[in-house]
Amino acid sequence: MEFFKNLLLYISAFVPMYVLVFVKLVVEMLNHNLTFDVLNTINFVTLLLLIMAGVGGLFWNIKYSGDKSVKIEIVSKQNITDKHFLGYFSLFVFFAIPLDLSLVSAYCVYVLVLIMIGIVYINNALYYINPLLNLLGYNFYDIEYKVEGSDEVKQAKIFFKGNLTIQNQHYWANIKNQNFCFIDEKHKK
Numbered sequence: 000m001e002f003f004k005n006l007l008l009y010i011s012a013f014v015p016m017y018v019l020v021f022v023k024l025v026v027e028m029l030n031h032n033l034t035f036d037v038l039n040t041i042n043f044v045t046l047l048l049l050i051m052a053g054v055g056g057l058f059w060n061i062k063y064s065g066d067k068s069v070k071i072e073i074v075s076k077q078n079i080t081d082k083h084f085l086g087y088f089s090l091f092v093f094f095a096i097p098l099d100l101s102l103v104s105a106y107c108v109y110v111l112v113l114i115m116i117g118i119v120y121i122n123n124a125l126y127y128i129n130p131l132l133n134l135l136g137y138n139f140y141d142i143e144y145k146v147e148g149s150d151e152v153k154q155a156k157i158f159f160k161g162n163l164t165i166q167n168q169h170y171w172a173n174i175k176n177q178n179f180c181f182i183d184e185k186h187k188k
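Just so we're aligned, residue 0 is where the sequence shown starts under numbering that gives the first Met the number 0, counting upward by one.
Some hints here could point you the wrong way.
Derived pair list, reagent style PhoX-like, types lysine-lysine, alpha-carbon separation capped at 20 Å [stated by the list, open to error]: (1) 145 <-> 23; (2) 70 <-> 153; (3) 82 <-> 67; (4) 62 <-> 156; (5) 62 <-> 4; (6) 67 <-> 156.
FRET-style restraints, in silico, Cβ to Cβ [what the hints assert, rightly or not]: (7) 32 <-> 161: 23 to 29 Å; (8) 58 <-> 36: 31 to 37 Å; (9) 79 <-> 58: 20 to 26 Å; (10) 72 <-> 123: 26 to 32 Å; (11) 48 <-> 147: 39 to 45 Å; (12) 38 <-> 81: 33 to 39 Å.
It should be emphasised that the hints constitute simulated quantities derived from the structure, not laboratory data.
These figures come from a predicted structure and were not determined experimentally.
Virtual Cβ for every residue (Gly too), placed ideally from N, Cα, C.
Construct the complete structure from the given sequences, taking the supplied hints into account.
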């Protein structure tokens, strides 16, 4: 089950690119540059399924993960949004715009590149690199924190909608693992 949830997180990281490719295909169809053949139909269906799986998987991991929220005090924070978002977004543009998915060879390369990136993404727990969350208003932070009742300082990468303040603040955090955590907005104090 954990692998499936992590796979959905990976798929969600590429939702903006899937949308770009989908829009490109729709525009090409409207301009009569493409026809509905077997490959283009597979492209449309695959992209729609990936978009739905990515959005659904992200929602599932955020809202229904089953992980308990713990009360934490953030000791230090560093906003790392810019370190990861632009690199991934430029990959989307580079990968989505010039690629001609009406060719079987280009489609195969597209799938193989996504599989290779997915292996690296999941094996290295790069779940905090998710431009879809940034587009939804979340910022990424490297934080050091203490769980209430403990003096042990731990580290995590955390998502927070808006700007995170740490002075005299305690938060409830849903800590899935050190690479994919959320401040639980309902329990923010």
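**Request:** With a cut-off of 20 Å on the C-alpha distance, tell me whether residue 62 and residue 156 pass.
**Result:** With a Cα-Cα distance of about 18 Å, the restraint between residue 62 and residue 156 holds, given a limit of 20 Å.
**Message:** Between the beta carbons of residue 72 and residue 123, is the distance compatible with 26 to 32 Å?
**Reply:** holds (29 Å)
**Message:** Within 39 to 45 Å: is that where the Cβ-Cβ distance between residue 48 and residue 147 falls?
**Reply:** holds (42 Å)
**Request:** Given the hint that residue 67 pairs with residue 156, test it: the Cα-Cα distance must not exceed 20 Å.
**Result:** holds (17 Å)
**Asked** Do residue 32 and residue 161 keep their Cβ atoms within the hinted range of 23 to 29 Å?
**Response** With Cβ atoms ~42 Å apart, the hint is violated.
**Satisfaction of hint between residue 4 and residue 62, Cα-Cα up to 20 Å** = Between residue 62 and residue 4 the Cα gap is close to 12 Å, so the pair holds against 20 Å.
**Message:** For residue 70 and residue 153, compute the direct alpha-carbon distance and say whether it is at most 20 Å.
**Reply:** holds (13 Å)
**Request:** Would you check the hint for residue 145 and residue 23, treating anything up to 20 Å between C-alpha atoms as holding?
**Result:** violated (47 Å)
**Request:** Given the range 33 to 39 Å, decide if the beta-carbon distance of residue 38 to residue 81 lies inside it.
**Result:** holds (37 Å)
**Message:** Checking one constraint from the list: CA of residue 82 to CA of residue 67, max 20 Å. Satisfied?
**Reply:** violated (29 Å)
**Request:** For residue 58 and residue 36, compare the CB-CB distance with the range 31 to 37 Å and indicate the outcome.
**Result:** holds (33 Å)
**Request:** Could you tell me whether the CB distance from residue 79 to residue 58 stays inside 20 to 26 Å?
**Result:** Given range 20 to 26 Å: holds, Cβ gap about 23 Å.
Hints 1, 3 and 7 from the list above are not met by this structure, while the remaining hints are.
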